[in-house]
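A.B. asks: Those protein sequence lines, which keep their order, are chains A and B. Just so you know, we're using the working numbering here: the first sequence kicks off at 1 and counts up by one. Just so you know, we're using the working numbering here: the second sequence kicks off at 221 and counts up by one.
Worth flagging that the hints you see were computed from the coordinates, not collected in a lab. Backbone N, C-alpha and C define an ideal beta-carbon position, used for all residues, glycine too. One should not assume that every hint holds.
Claimed, not checked - Reference excerpt, derived from the structure (chain A facing chain B, CB under 10 Å, subset only):
#1 E18
#2 A40
#3 Y43
#4 G44
#5 V48
#6 E61
#7 P71
#8 Q105
#9 G147
#10 I149
#11 I194
#12 K199
#13 E202
#14 F205
#15 S211
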Amino acid sequence: MMEVCGSSNVTLREFGCEQSLLSRPDGSASFIQGDTSVMAGVYGPAEVKVSKEIYDRATLEVLIQPKVGLPSVRERSQEQCVRETCEASLLLSLHPRSSLTLILQVLHDDGSLLSCFLNAACMALMDAGLPMSCLFCGVTCAIDADGQIITDPTAAQEKQSRALMTFAIDSTEHRVMMSSTKGSFSVYELQQCIAVSQKASEKIFQFYRDSVRRRYSKTL
Amino acid sequence: MKDTPLCNCERDFLLKAIEEKKRLDGRQTYDYRKIKITFGTDYGCCFVDLGKTRVMAQVSCELVAPKDNRPNEGIMFFNVELSPMASPAFEQGRQSELSVKLNRQLERCLRNSKCIDTESLCVVSGEKVWQIRVDVHMLNHDGNLMDAVSIAAITALCHFRRPDVGIQGDEVTVYSPEERDPIPLSIYHMPISVSFSFFQEGTYLLVDPCEREERVMDGLLMIAMNKHREICSIQSSGGIMLLKEQVMRCSKIASVKVSEITELINKALENDKKARKAGGRCGFAESMPQERITALKKDKTAVEMTDVSERANEIVQKAEALPQTVPSPVVPVPGVGQVGQGPQNTWGLDEEEDEEDSDEEQEEQVTKMEEEHSENKEESRGGEVVEISDSEEEEVVILHPEKPDRTPKNTGSTSHQKVAASSKKRTKK
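Extracted from the complex, chain A is given alone in its bound form:
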């Protein structure tokens, strides 16, 4: 069986976040992981189209805007991943017959885009002050040709990898809320990646906490 992967690859790139940077949306955030950056805006709870109305909870719509061209199938599938994660953590039944719209704009793609979407989405939902049962974060792991695990891979590392997995992890019990995988891997590798992601998620949740504390502090 495989050995523990070298610690050099198991790092998160520098990451940063800015909240409420746009004036129009009810909540907005930009999240940066290395060179990958995503901007998110949330509108809602607001009125909903009759055709999309759900009688006992809010309708959540997620839109992903690529940098070049129009949204395609790839964006649609990412939208679904993000939407299902958000639906699981948001307390949508508190706002029946209303709409929530989450728009994610790619600013630069340098790998781990889906996890950056998830992180930006969570920060924007927090900024909008929507009630949630837990926070969530996204972690991407890649397994390269030698079987080494790389967390938060860059685009180049993603290209060389044998398998790519993105997990959404909740803040209360560090459980997997969503997983999206590509490529082939063993059960053991999957469990290893989940364990790594759970460890990495602690760092991200700590960052969330720090940024919120900073935001509501009186001094810088």
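Place chain B on chain A using the hints.
C.D. replies: For chain B alone, coordinates are given in the frame of chain A:
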């Protein structure tokens, strides 16, 4: 989602303020809001902040076949995306009036003014030219989108570098940025749009209207001009009658504003060039403000890996060994396979038929021999034994009715005999 309507009180208040030469944000009549230009990590990506209005432009290129009527000119393509992020009134994937207006104005401003040398984008005449695509995304709508769009688009075009191309005979090679330095587009001049809004049937004029002012204005005049004071396009909308003097006055104001903005763009491009030359990291991540209370940054962090392997092992072992429910596939006869539980597949061929097949083969030989020496005895033999080999016979076997437990050997043989009889007749003839 609908935009929040503006109430009458608010409308009256705004108009009253404009009459008194006051603006909500404390600007003077001819003042622009603060313009900030930042660049992305890759070439041709530019963010423009005009007050709270924010847009992003991204330029990309692609090798395509040229248009038939212009075989040696590159193609410029503009796409203004009114993302719902900018305003709740913008809908995804719908061409609104505003988006058509912005797109058209940007095309007139940048393509029809011939500010970009499209002939230099030709690679092989009539076969391959560069298509330059400019995508402009609205991020936040706080009025005067057109000016922000035009600044973002022209700055992104100036910032953009396309890959170098080498031609040897018929072979066209596109070099990656590592092999050869990418080359900038050749831009003759930089048209910039300046918007003027008119109130009270043209009595009052404001430069760079914000979103609230745009809602109460009567008319809009957009002048695109370059720093050489050449007007590239001029458009008036809102159905307002303007006097000649008003248009002249606006164009004078525009020329001042344009030279200011051009200077700012050049300075921004210069700064970015220096930063890139110095080899430092540049781009959106670096431009994130550090001093703001809403922003936080964390350096590269290592993830603990101490017990990861053990945990993974533990889980894998705990979830141990599903019972082997899937046996190796059953192959009753060649060409038929079966996996999993359930009754035996009785489709296709089963044993009796198999036997029959082999029987028939034997019988064939027998009949052939019999045929040779007893041709005249056929009729008397009737229901007894013999069949004859024929291609038709095999067809009959395939269509044979299937009853797994009780294969009717006799019915099979009768049908065979029928065929045999018919074939006999044929052979007789």
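A.B. asks: Which of the listed hints are broken here?
C.D. replies: Structure breaks hints 9, 14.
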